[in-house]
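Chemist: The lines below spell out each chain.
Protein chains: 2
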Amino acid sequence: MSWLNGEPCDGLPIHDRGLAYGDGLFETIRVAGGQARLVERHLQRLQDGCERLAIPFDANLLRNELMRFCRALGQGVAKLIVTRGAGKRGYATPQPCQPQRLLLGSPSPAYPPQHAENGIRLFPCETRLAEQPRLAGIKHLNRLEQVLARAEWHDPVYAEGLMRDMSGRVVEGVFSNLFIVEAGKLRTAPLTRCGVAGVMRAEIIARAAQHGLPVVIDDINYAELVQADEVFLCNSLYGIWPVTALAECVWPVGPLTRKLQSVVADLLSDS
Amino acid sequence: MSWLNGEPCDGLPIHDRGLAYGDGLFETIRVAGGQARLVERHLQRLQDGCERLAIPFDANLLRNELMRFCRALGQGVAKLIVTRGAGKRGYATPQPCQPQRLLLGSPSPAYPPQHAENGIRLFPCETRLAEQPRLAGIKHLNRLEQVLARAEWHDPVYAEGLMRDMSGRVVEGVFSNLFIVEAGKLRTAPLTRCGVAGVMRAEIIARAAQHGLPVVIDDINYAELVQADEVFLCNSLYGIWPVTALAECVWPVGPLTRKLQSVVADLLSDS
Chain P
24 MSWLNGEPCD GLPIHDRGLA YGDGLFETIR VAGGQARLVE RHLQRLQDGC ERLAIPFDAN
84 LLRNELMRFC RALGQGVAKL IVTRGAGKRG YATPQPCQPQ RLLLGSPSPA YPPQHAENGI
144 RLFPCETRLA EQPRLAGIKH LNRLEQVLAR AEWHDPVYAE GLMRDMSGRV VEGVFSNLFI
204 VEAGKLRTAP LTRCGVAGVM RAEIIARAAQ HGLPVVIDDI NYAELVQADE VFLCNSLYGI
264 WPVTALAECV WPVGPLTRKL QSVVADLLSD S
Chain G
24 MSWLNGEPCD GLPIHDRGLA YGDGLFETIR VAGGQARLVE RHLQRLQDGC ERLAIPFDAN
84 LLRNELMRFC RALGQGVAKL IVTRGAGKRG YATPQPCQPQ RLLLGSPSPA YPPQHAENGI
144 RLFPCETRLA EQPRLAGIKH LNRLEQVLAR AEWHDPVYAE GLMRDMSGRV VEGVFSNLFI
204 VEAGKLRTAP LTRCGVAGVM RAEIIARAAQ HGLPVVIDDI NYAELVQADE VFLCNSLYGI
264 WPVTALAECV WPVGPLTRKL QSVVADLLSD S
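Protein chains in written order, with the working numbering: chain P, 24 to 294; chain G, 24 to 294.
Some hints here could point you the wrong way.
Repeated chains share a single entry, so a pair holds when one copy, or any two copies, can fit it.
[What the hints assert, rightly or not] Pairs of lysine to aspartate or glutamate, EDC-like flavour, derived with a Cα cap of 20 Å:
1) Lys-162 <-> Asp-71
2) Lys-102 <-> Asp-71
3) Lys-208 <-> Glu-30
4) Lys-102 <-> Glu-88
5) Lys-111 <-> Glu-175
6) Lys-111 <-> Asp-178
7) Lys-111 <-> Asp-33
8) Lys-208 <-> Asp-252
Hints in this document: simulated from the structure, not taken from any laboratory.
Using the sequences and the hints, build the whole thing.
Modeler: Below you can see the structure in the form of structure tokens.
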């Protein structure tokens, strides 16, 4: 199922700047029982991205279209792409621009349930995230670093890959955010120089605080990751995966990770 | 005029990874008298990019299709885009992939002839180029930095913008490469950490050497730019523009810039 500006489609106009320059943003949204999960967080991040790129944003139009699409999809994943729209040759942004809205439906991902139960092994990616504060945090369409990083491993023993920045700091997974637990405290990277600020990360930060578990948002270096008591990944499709192995390091599936899995379990139900 | 895989088209399939992730490359090629200029250099850079991104590359297929397209276009600009093709959800690259070839024709750009004759004023962009060696030099589809930089100015008194890296080094223009002349010697940035290695830059380096003018490929800091005897920009559509002003700095249109303009003049003729 694919919609362009609210109508079924199978192609994007060839002069769209989303293709030419990756000039746009996207959201990948869990859909269950005909409804989008964490819809306001997804729309908020999309709005943040549109503001950063100076792409006009109409929250009501997008919300209504997304809700209608999710009712039709029922179950699975809705990918929402907003591009700046058509442009002539050259980088100068058209004034005014006509942003394009794409909605692509796909089945629920078939992640093994053991990933959440027993934890996963992380692949140490060599591809580093470049530091670009003007693009950090938002989910824009320039994703070659993730493509290169994901291409580094084929062995399914690795469920995700660890991404570091050019200085070696621990940032995130290829398609996940990362938290560590040290002495009962949660920590996640600030994502102000690189990385994508995931909606599940934001939801975990909010709900953890409600449960008396504040999260420190600060740089994580590799040694701190190695010495952490617990490590876990999150995203809005699979929720929380404990990390139990990375190179020579092993971690248990710890109590805070388990607690947070139960705290967000409602977001992952099928109805 | 738009072709997809050799056939007229007006849309790109919606699941193409060129849109999803900017997972592809492009070339912007001057066409005159039904022929592509610097065609082998364009194909070589595209091949370098495909190798870097592990996208299959078929030089003969692309050359033949491009030549056929340029004969039909006659005069103007041919933009050649190669993407990794369709993919399912997720960053993992499809095996095998089916790269897509797009050709988009547009009229010759209407740059004022005074730019080449009298020189241009450069806008000092605040947007910095992030350092990512794995993507430096190639002309991939992740171009948000250029979009942000080009959006910094609207005043047509500026014909181009200066882009520096995160350390302040002088790298290139938004859609051009940059050379300086100091004590009779040419210098241009190495483009191994960021930037796009333009085909006109490569052609100038080759032809300058043939005229006894070797080019030093080395970092350029801002002070060295300011103190340069001559500064010029180049790309494959307009050739060479002298830079005569940037903020408080002024430079003359110098003798080496003039000489190089004459050395590449044949590439810019209309027949």
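Chemist: None of the hints should be skipped; say for each whether it holds.
Modeler: These are the hints, each one checked on the structure:
no., hint, in the structure
1, Lys-162 <-> Asp-71, "within (9 Å within a copy, 28 Å between copies)"
2, Lys-102 <-> Asp-71, "within (17 Å within a copy, 32 Å between copies)"
3, Lys-208 <-> Glu-30, "neither (47 Å within a copy, 59 Å between copies)"
4, Lys-102 <-> Glu-88, "within (12 Å within a copy, 34 Å between copies)"
5, Lys-111 <-> Glu-175, "between (36 Å within a copy, 18 Å between copies)"
6, Lys-111 <-> Asp-178, "between (43 Å within a copy, 18 Å between copies)"
7, Lys-111 <-> Asp-33, "between (23 Å within a copy, 15 Å between copies)"
8, Lys-208 <-> Asp-252, "within (10 Å within a copy, 58 Å between copies)"
Taken one by one, the earlier hints fail for this structure only at number 3.
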